[in-house]
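Now for the letters of each chain:
6 protein chains.
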Amino acid sequence: MESYTVCQLQKDMRFEGFLLIRSADKRKDSKGSDYVDMNLSDRTGEINCKIWNWNPDDEVPESGQPIKVRGTIQEYNGRLQLRVEKWRLCTEADEVDMNALVSCAPRKPEDMLQQIHEAIESFRNEDLKKLTLGMLKIAGDRLRWFPAAQRMHHAERSGLLHHTTDMLRLAESLLTVYPWLNRDLLLAGVIIHDLGKIDEMKSDMTGNVTDYTMDGQLLGHLVRGITNLNKAAEETGVTGECVVLLEHMLLSHHGESEYGSPKPPMFAEAEALHWIDIMDARMNTMKAVTDKTPAGAFSEKIFSLDRRVYHPLMHSSEFGSQNSEL
Amino acid sequence: MESYTVCQLQKDMRFEGFLLIRSADKRKDSKGSDYVDMNLSDRTGEINCKIWNWNPDDEVPESGQPIKVRGTIQEYNGRLQLRVEKWRLCTEADEVDMNALVSCAPRKPEDMLQQIHEAIESFRNEDLKKLTLGMLKIAGDRLRWFPAAQRMHHAERSGLLHHTTDMLRLAESLLTVYPWLNRDLLLAGVIIHDLGKIDEMKSDMTGNVTDYTMDGQLLGHLVRGITNLNKAAEETGVTGECVVLLEHMLLSHHGESEYGSPKPPMFAEAEALHWIDIMDARMNTMKAVTDKTPAGAFSEKIFSLDRRVYHPLMHSSEFGSQNSEL
Amino acid sequence: MESYTVCQLQKDMRFEGFLLIRSADKRKDSKGSDYVDMNLSDRTGEINCKIWNWNPDDEVPESGQPIKVRGTIQEYNGRLQLRVEKWRLCTEADEVDMNALVSCAPRKPEDMLQQIHEAIESFRNEDLKKLTLGMLKIAGDRLRWFPAAQRMHHAERSGLLHHTTDMLRLAESLLTVYPWLNRDLLLAGVIIHDLGKIDEMKSDMTGNVTDYTMDGQLLGHLVRGITNLNKAAEETGVTGECVVLLEHMLLSHHGESEYGSPKPPMFAEAEALHWIDIMDARMNTMKAVTDKTPAGAFSEKIFSLDRRVYHPLMHSSEFGSQNSEL
Amino acid sequence: MESYTVCQLQKDMRFEGFLLIRSADKRKDSKGSDYVDMNLSDRTGEINCKIWNWNPDDEVPESGQPIKVRGTIQEYNGRLQLRVEKWRLCTEADEVDMNALVSCAPRKPEDMLQQIHEAIESFRNEDLKKLTLGMLKIAGDRLRWFPAAQRMHHAERSGLLHHTTDMLRLAESLLTVYPWLNRDLLLAGVIIHDLGKIDEMKSDMTGNVTDYTMDGQLLGHLVRGITNLNKAAEETGVTGECVVLLEHMLLSHHGESEYGSPKPPMFAEAEALHWIDIMDARMNTMKAVTDKTPAGAFSEKIFSLDRRVYHPLMHSSEFGSQNSEL
Amino acid sequence: MESYTVCQLQKDMRFEGFLLIRSADKRKDSKGSDYVDMNLSDRTGEINCKIWNWNPDDEVPESGQPIKVRGTIQEYNGRLQLRVEKWRLCTEADEVDMNALVSCAPRKPEDMLQQIHEAIESFRNEDLKKLTLGMLKIAGDRLRWFPAAQRMHHAERSGLLHHTTDMLRLAESLLTVYPWLNRDLLLAGVIIHDLGKIDEMKSDMTGNVTDYTMDGQLLGHLVRGITNLNKAAEETGVTGECVVLLEHMLLSHHGESEYGSPKPPMFAEAEALHWIDIMDARMNTMKAVTDKTPAGAFSEKIFSLDRRVYHPLMHSSEFGSQNSEL
Amino acid sequence: MESYTVCQLQKDMRFEGFLLIRSADKRKDSKGSDYVDMNLSDRTGEINCKIWNWNPDDEVPESGQPIKVRGTIQEYNGRLQLRVEKWRLCTEADEVDMNALVSCAPRKPEDMLQQIHEAIESFRNEDLKKLTLGMLKIAGDRLRWFPAAQRMHHAERSGLLHHTTDMLRLAESLLTVYPWLNRDLLLAGVIIHDLGKIDEMKSDMTGNVTDYTMDGQLLGHLVRGITNLNKAAEETGVTGECVVLLEHMLLSHHGESEYGSPKPPMFAEAEALHWIDIMDARMNTMKAVTDKTPAGAFSEKIFSLDRRVYHPLMHSSEFGSQNSEL
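The listed protein sequences correspond, in order, to chains A, B, C, D, E and F. The opening position of the first sequence corresponds to residue 1 in our numbering, with each subsequent residue numbered one higher. The opening position of the second sequence corresponds to residue 327 in our numbering, with each subsequent residue numbered one higher. The opening position of the third sequence corresponds to residue 653 in our numbering, with each subsequent residue numbered one higher. The opening position of the fourth sequence corresponds to residue 979 in our numbering, with each subsequent residue numbered one higher. The opening position of the fifth sequence corresponds to residue 1305 in our numbering, with each subsequent residue numbered one higher. The opening position of the sixth sequence corresponds to residue 1631 in our numbering, with each subsequent residue numbered one higher.
The set of hints was computed from the structure by calculation and includes no laboratory data. Check each hint, because a few of them may be wrong.
[As the list claims (entries may be wrong)] Result set (BS3-like, lysine-lysine): computed pairs, CA atoms no more than 30 Å apart in a straight line:
#  : chain 1 : residue 1 : chain 2 : residue 2
1  : E       : Lys1535   : E       : Lys1354
2  : A       : Lys202    : F       : Lys1861
3  : F       : Lys1832   : A       : Lys263
4  : D       : Lys1180   : F       : Lys1917
5  : E       : Lys1605   : A       : Lys202
6  : D       : Lys1241   : E       : Lys1441
7  : F       : Lys1661   : B       : Lys337
8  : B       : Lys434    : B       : Lys456
9  : A       : Lys301    : B       : Lys589
10 : D       : Lys1241   : E       : Lys1535
Go ahead and model the full structure; you've got the sequences and the hints to work with.
Okay, here's the thing in structure tokens:
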């Protein structure tokens, strides 16, 4: 059976493949039997299906999981629907290409985590090493798939790792231009700066943020990051200047009170962290908007940038594409 | 004769060495003869001298030039004064170390200019190559010693080249993280973005800005940069998208109307240019303030940053200095 | 045949008269033949028509042109449609009253242009005369029908001339109160201040702005005005203070960076130009809102003014109307 | 005896002429006798004098009055002093040229008042005529010499009349460009808009403001103007729309809450009043700064304008001066 | 007959009870007879009814009045409608519970007015007593049911009294903490601070604000409050400091020009009034939002607060409810 | 011996009494012997003294301590100096009236601490009781004399307790007007809201703040308060909603990001805390300024209020003083 994306589906087609559970609710049909109403999606669209005669004892699957499904496309009240013949939750063995189902970071979580651990390994300062590892431990497994934001930049599966590792690369290049910066401090700041987001937002495994947590609403990821850092310090027994420097880097990395930082960056590594953060966020947004805009045209006004964005013809000309093989 | 800096001079010392002319004015003594009142300086301070019996036909030397001078230190009305016995303007042959006389960029102008020309040579886009070279030609020889600002960041001899070449290095590293950016466009933007400053400020050869020009006051370096670019385009015969893209990069590189850019950056390379510019300016300021502040202490409030700056102890600790050998 | 406006049309009426092409697109009917779908309008409304059996070799007429059309009003799917029996593009000979078709300036373009040329003729300063004429030449023929804005003030056919000539009258009166102002400089500033708008916006001949140009988006009319002025200066060979003064007047006429001027007005004529500009824009807006609001009532909140506007009863009272005969 | 200005006085000169009392305080000399210490001034400077053996029953003259004085210039403790031989307060008969003593409006108060009364006479609306005359009556005699401000624009004797009458001329010209405005309403607004300043500031007869009044501090001239208008309305028996329209014009003439107007101008005449007011204030400031700045140079930064001001060479060139004979 | 609220009504139910007229318009049925189309409401919802065969000579009742009505619920075009059998306007004798029909202050207007009068009675300063009573007299009978705002805080029947009397209680407690404040002045300020709202808004007897008045639009309640105070002063013959102090309290009670006060509070009682006002407004809003939000959840973003609001679980826990019996 | 304040001292007077050590530095006299140079003060002024022949082994006393001193007033180089005959540090037994030496809170620290502990005792919620006591324990003994600020409001010995206890009284009154607020939560918030200031500023025992701490500069008292709260929670084992609610109250009590709170108050008790805090700060400032300003006059412009302050005559009139006996 040929493989289709959701946006290619038409009435009477047969479908077999992997889709993501967006929502799943148990309901009762007109005869009083249980059925489950599910919305399934890949990156191109969403389709509804009903799984009739649900065993009342079975648990309804959580949203955010990939399933394997087979069935036929039908039309009901003018909208397409998938009549499910067979389905099951996916396992590791399926080697599902999550990237086909949701927007994902361009690299595997494992690779990105390894890059982070290699950076930490290279620290000369043992205290910063301990604190940074302590923060990763508190962040836990969710870091693998957590996005960096609900909307805006890096709103994708593993977006937080994507953002962090691109910033690591920016930080490393910065150190070659400004070698007087303390390397360990800057890299530690980069690695931990957004880990508090894991406590700030509710995200399913697809990197889809449904809401903010109570901590996120009442405190935000800057302050929750600091209290996590205090835990890490206590557990590792680290004290002294490096703790308060990292606390300050967490607190000040948004740069201004207007953007949530009650203190502006007050030493060079904190200042550098702030600009690396904003630069990576902006370049990520710019790329996303440019990709969606035809060459030679302007986008609509982009809310988060408060401007329209132009996609230069030069990007796709013979001499403009010289970097694309990199 | 031992060599002293100006701040080491005391009454009755003998002095012989290179100093810079800060000001030189012809006056008449009580007998009606001409003399010249000069203020001379090195990086550590300033001292006054009078050159009596000036030949009325001789031209008074311009400020900003180094001279070789010999004489004795005297005290007059409680202030030290140099009684000049012999002096002459310096020549190339003197190989004066300008860095001892004024704050200078850490690299030689020749080296920095070469770096810029190598970058231009590497462009694949011939139009951008022509426009960038055209802009350098308009900037002319003053680029060698022009500062980047009157106060604030890179306010030093050859500061404009210093700022530009550090930004070039930042831009090159950025291209490894975001290879989809157009390399030629970004580098061209970096090279020309502040060349309009040469028309905006009046600077002597020591990089000391005495005032803004009429163009600087009424138009500013962003707009004067654009009109220079138009000249370069006309002279080189280049037309099309790349001209208006560079015009926009000049116009938008301050990022917001509040900071002088009537348009915000509207494509990715313009956005990148803006952040590279601000990052280099800030890191330069941060380094200057940190260097002046003892480790473990806070600076006074820095006007241009609107905050105090902390010099981390970690910078000078065993493990903090790992980058200093770079 | 009686003449109707579009808003008076009803089913089964016969119509013959002049209408404006708002849009015209060639399509294929169910049999594969070409037809043209047009929207036609006058000041009171818009009606759709189809011109069947279009000769595929004929060019589809551009929007913004007046046509003469005859036909019957029909109803299709609940909306009125004009079944066209005969039509042709208008010629000069038709002496179409554009004011019936679109919002127009209250005076003829020819008269307003003549007023401008008479003002220039009266200059004593030959350089300002040359520069101003040079700018008019660059603006070209589109000045005749260009509006002053897409929305807001003077958004009408020939609105740019309307705005400019009212400002000329304001400037002349100002000179009687402040005779120490340089007349030629102020009038030259008024005449050229918005000419850059012709490069900033895309407008059809009805004064309807459909979008901003690439220059408009990336540079704006202030900066494009300056580069045009540079062209005019080069072509006329004018140099010196008057060029940079006019450049500054173009750049600063929005008054503040918040409104797009990176420099505030820095000499008296530039300051005067700014206030004359804002006063004429505001009075034009006020008149338009007042005209639409019943006497004794408040308008809705006007977005561009951020307030509601009151139409005084006094305007229409016996003693309030004393100026209306002027 | 030749006539000198204060700045021309030197030791041992004889002086006879008119000066202004800046301050006058009764004190006791070393023998316990009363004397009066006075500071006297003309437009060019200030000189101290003592009047010995003051009759304790005589009233000390108020500051702000012109006196006729004769005496000799002496030096005391390095400062010049006038030893007074004879003095008296001036009378009408002296026909003192106040303009030689303090900064004055360029026209006589009588002429300006007459211009205002002629404007009122020309109103067709009897209610507005009554209200405006009622406001002038409340303002009273101090209007003749009251300045328009303590610093800033029109800070001169009779500056309030100067400002008002120049605005009247602006308003009249405006009416020729926008004849649909209600003439009486606009002129009435101009005449009364700043009369509340007489209750807001304390000024002596030279137009020198020493402080703000309690009303000025706690309410300001906008609100005190309104309560005065209410008095005028009650005394003249005028009611209806024209009262609230004038109240609004008083309240809104500063344009924005940031500048003290809780309501923005909400009808056309109120809007026009606001711009006429700001234009006249700005042109007056611009003239004062330009006059003090050499042609071809920039002023220092002007606090109230937040910018430096350029004095164009063109102002004094052959063709630039064409308006000066007006 | 059982009593239902509007939201409980279903097809075929019988209804008898009190409802409020929201709107009432006379129309003609298909036979040309008059009928009245009314919308009736209680606090829970709104229902439409038609009263057929209306006597053309009868006046249509004003909106805002309670009526007694009997009829049957029908369904028409999918919406419920009340077929009226009998109705009449209510009288005092009905003792209608307005609180069931619209949002009302929690206390009776009579009780609140009495609290205000008792406060005034307790003044030692006779002038403040006279002025405050004079202001209440000008406010008149509408004070009984006037709301404090159209939306936002205390937008309810008698909301102005509710707001004022809660502020009186806050002021009394404040005086125990800061006994150096002048009690009479603070209480007088509280009582009169918002009385100008009665002239600013149009409200029916249910406390429903339909629009702003001309005075409200052009002057606002701060300034109209001041001109009312001037009337009260003239009628009572009170002059002196206490008048201008109260004028200032009216003018400054919004605290900043941004919120409509051209002068900030400049003495202690004015400052206290401002904070009491804002505190009561905010606590009222907070209560309303908290009541509508389930415990343990966040509200939607509240426009007037620019934030989401959390309803603490603690409010309803065993130990959190300790104040609720007060 | 009569007792004098420092400002009453004159040459040759004898002095015996308590003074405060402002600074004390060991120096060497011309013979190489040690002496101590001290500045001593009471509330009225400061005087210098030298204690000759200092035993090199004795420790120099810390600033901020009261001493008992006896000696004679001498004049040296035109300035008064105290020649010390005898001195010793004070002990408890001296019962020094600190209020005569420095600006102090009007109540004793013991009384204020007792008020706080009684409030905590009255909590029904045991968790809040534990957390609040835990925070007091972390604050430790310095709370007894810590000021609330370096300048601005409550900059006095024990000013933090003064501010806290006045706020407690405000909170209690508030609870009578808004009984639906959770009493324990609000009072706990009041008690802990500023305790982080003890870690933010360096203060000696007189309540004189000399600088900010590293924590204060880099994190501020809001964030340090939160990390202290986390410690208290861990030590007391309290978890759950009440911890995050108190964290939020600490974080949000400045109300807006502009004033240092990254989150605005998001539940009713947090909102109330914010307004109680600002009200107490403002009333304290208002009282201080009013006390220094003569009745009937305006103060200079007060920087922290950005306005001048008026001292009403009414405060001191017969009827204005009615509260002063409270």
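Structure-based check of all given hints:
The hinted pair formed by Lys1535/E and Lys1354/E fails the criterion: a straight-line CA distance of about 47 Å is larger than 30 Å. Only pairs whose Cα atoms come within 30 Å are accepted, and Lys202/A paired with Lys1861/F is accepted, the gap being roughly 26 Å. With a CA separation close to 19 Å, the supplied pair Lys1832/F and Lys263/A stays within the 30 Å bound. A hinted pair counts as satisfied when its Cα atoms are at most 30 Å apart, and Lys1180/D with Lys1917/F qualifies at roughly 28 Å.
The suggested pairing of Lys1605/E with Lys202/A holds, with an alpha-carbon distance near 18 Å, which does not exceed 30 Å. Pair hint Lys1241/D plus Lys1441/E holds up; C-alpha atoms about 27 Å apart against a cutoff of 30 Å. Between the alpha carbons of Lys1661/F and Lys337/B the distance comes to roughly 29 Å, so the proposed pair stays at or under 30 Å and holds. For the suggested pair Lys434/B and Lys456/B, the alpha carbons sit about 25 Å apart, so the restraint of at most 30 Å is met.
In summary, the hint linking Lys301/A to Lys589/B is supported, as the alpha carbons are separated by about 14 Å, within the 30 Å threshold. Proposed proximity of Lys1241/D and Lys1535/E is supported: the alpha carbons are some 22 Å apart, at most 30 Å.
Comparing the model with each earlier hint shows a violation of hint 1 alone; every other hint is respected.
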